[in-house]
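Quick note, the sequences are listed as chains A and B, same order. Per the working numbering, the first sequence starts with residue 1, numbered consecutively. Per the working numbering, the second sequence starts with residue 279, numbered consecutively.
Quick caveat, the hints were computed from the structure, so don't treat them as lab data. You may find that some hints are simply not true.
Label-pair restraints from in silico Cβ distances [said to hold, decoys possible]: (1) A:Asp54 x B:Gly299: 44 to 52 Å; (2) B:Ser300 x A:Lys217: 32 to 40 Å; (3) A:Arg214 x B:Phe436: 44 to 52 Å; (4) A:Asp234 x B:Ser300: 46 to 54 Å.
Don't be surprised by glycine CBs; every beta carbon is placed ideally from N, CA and C.
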Amino acid sequence: MSRVLSDAADETSPSGGGNAPVGSLEATLRAARDEGRKLLVPYVTGALTPHWCDVVRAVAAAGADGLEVGIPFSDPIMDGPTIQEASARALARGATPAGIVSELSGVDVEIPLAVMTYYNLVFRSGHRRFARRLVESGVAAAIVPDLPLDEVGEWARAADDAGVETVMLAAPTTADDQLEAICRRARGFVYGVGLLGVTGERDELATSARRMARRLKAVTDKPVLIGVGVSTPDQARDVCEDADGVVVGSALVRRLLEGGGPDEAAAFVGELRAGIDA
Amino acid sequence: MEVRSSSPTTMGEPSPSGRFGSFGGRFVPESLVGACKELEAAFRSAWADDAFQSEYATLLREYAGRPTPVTECRRLSDRLGVRVLLKREDLAHTGSHKINNVVGQALLARTMGKRRLVAETGAGQHGVATATAAALFGLECVVYMGAVDVQRQALNVFRMNLLGAEVRPVDSGSRTLKDAINEAMRDWVASVETTHYCLGSVMGPHPYPWMVRELQRVIGDEARRQCREVLGGDDPDFVLACVGGGSNAAGTFAGFVDTRAALIGVEAAGGAAIGHGVPGVVHGMRSHLLQDEYGQVLEAHSISAGLDYPGVGPEHAYLAEVGRARYVEAGDDEVLDALRLLSETEGIIPALEPAHAVAYVARAAGDEIPTGSTVLVTLSGRGDKDAAEVMELLG
Ligand SMILES: Cc1ncc(COP(=O)(O)O)c(C=O)c1O
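If we strip away everything but chain A, and leave its shape as in the complex, we get (with noise of 0.2 Å):
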């Protein structure tokens, strides 16, 4: 994968961890793009069990451009019954923000990582440490789902600052003018939310998400990624038809629950590959 870490990303590169550079998530995304790949971002919750940075390694070897790792909030109100049993699991282990953050600096991935998180565990870090501890870990990008647009603004200085890109989020219900101020303060790539709902599996690709895709493709360059209600190959195939690439989190996640470990995940994020590359 490092054919697509550019040589800029590079001088970005924290001393710390052995990641892919810091602020390295759109400058990957766009150059496997422009080669022709789909994009393929899983999800996994961190600290979900003793052995979950295997897991994440696992997921990294096995074709994903890029990862996101969850930081598991007590009330987490854009999320399904699957994403909040790992999340009640993860903080009955004991995960906290800081642990996830710091164990992932050891990961050592070649793939951009960013993390998944609430606004309240940034707002009680402090917006400055957290970033800086994103970026102490390697960690590229932050996706905060309950920080839209017109509350951004102090998280995003912050993170611009410290060289960490935030993923911004666009809804089926989002006008038109705001997709386009979205797209622009989007870091990263744009998260295009599928279906109105909240995460988890879907039996069908709702039609809303490839819409969602077009609409996104017609007002940005950036990379588009459609997540929420992607559960399967045949789903992650069909909405690449419109979008750049897709984010795959309650799926992955389940087979986590079930038992699954890193050779799980790592199948099952073939099957996701496969099916795009198809």
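We have chain A; now place chain B with the ligand onto it with these hints.
Same frame as chain A, now just chain B with the ligand:
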């Protein structure tokens, strides 16, 4: 007694971003941003519209039973040495102040063309009120309620069902009000195009804290006129209300904020967000919040389901910060004593929530509330819903 003047903006409109000082805001998933803006616009125009105001006033009068009286508590006053007046929201239709807010929001839902209401409920009173308004307006209604609260408020679950609402027990987290709110918000994220989220207190994303306070200010506006009659043109020295999310307190305070009355909110000791919380963001708002060092929200523990909430409405955080209102706590045991005291001295069985306010008056009379003071307490609801639980506790 401490007398404070308030700035002209105290309990006025929040800033354009929905802030009271640094509190408030709109921290919601992108899917809900449009709905919050639509609601804000609908409320703004409705609130300025005479036709809406008069329909709302008619419903409050003819359906909800307003105005509710102010009752002078002679025997209790003799006992405590302070003159106690009760604003009787327990006499409003459905048994609590919650009906004021819900009738207004149901009218707004109709204006916006929404056919479905979702709500959260702790004590069940807001759920019952929402189910009632949904029946009145012919709307579909789903109420989320923590599984613990479903147990302890079984009577209200039955009432909601009778009214044609679906009650969905919530098994996540602490299985109380906080988790019911999460679940209601998740429902709203998925159904926002057809559904109005009928939030039950002065909390959540902008415009809810402001809108719900405006819909509840009828409590304070009425009470101020009524107190002046009883007190020969005077305002009370102290104005008290219990604080869960803070809607009955905010509605009450709004009527007295520009008087010399000392405003006191009474939180449950196990859910005292202003007493023990620190600034944080949950349920769409920045406010005081019980949380751990990492920002994980802590579970509140109170005898009263309606106060079992680790957060508080953002305007209360602001009123505390600027010193216009003071927030105190009452514990489960003294609340049960107060419930008994009011029942025996006045023949009024209060809900456990406002019994917190009564408990503080009982404790502070002759001390922080000097002997001879006049005290208005908003009795936000009646005790029927708690009878089974209290029977067990006192049994
Ligand atoms: C009777 C009664 N009082 C008070 C409350 C607390 O709510 P708030 O603080 O919004 O008035 C409740 C909530 O369920 C209630 O039922």
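* Against the structure, test the hints numbered earlier, and report the numbers of the ones violated in rising order. => Checked against the structure, no hint fails, so every one of them is satisfied.
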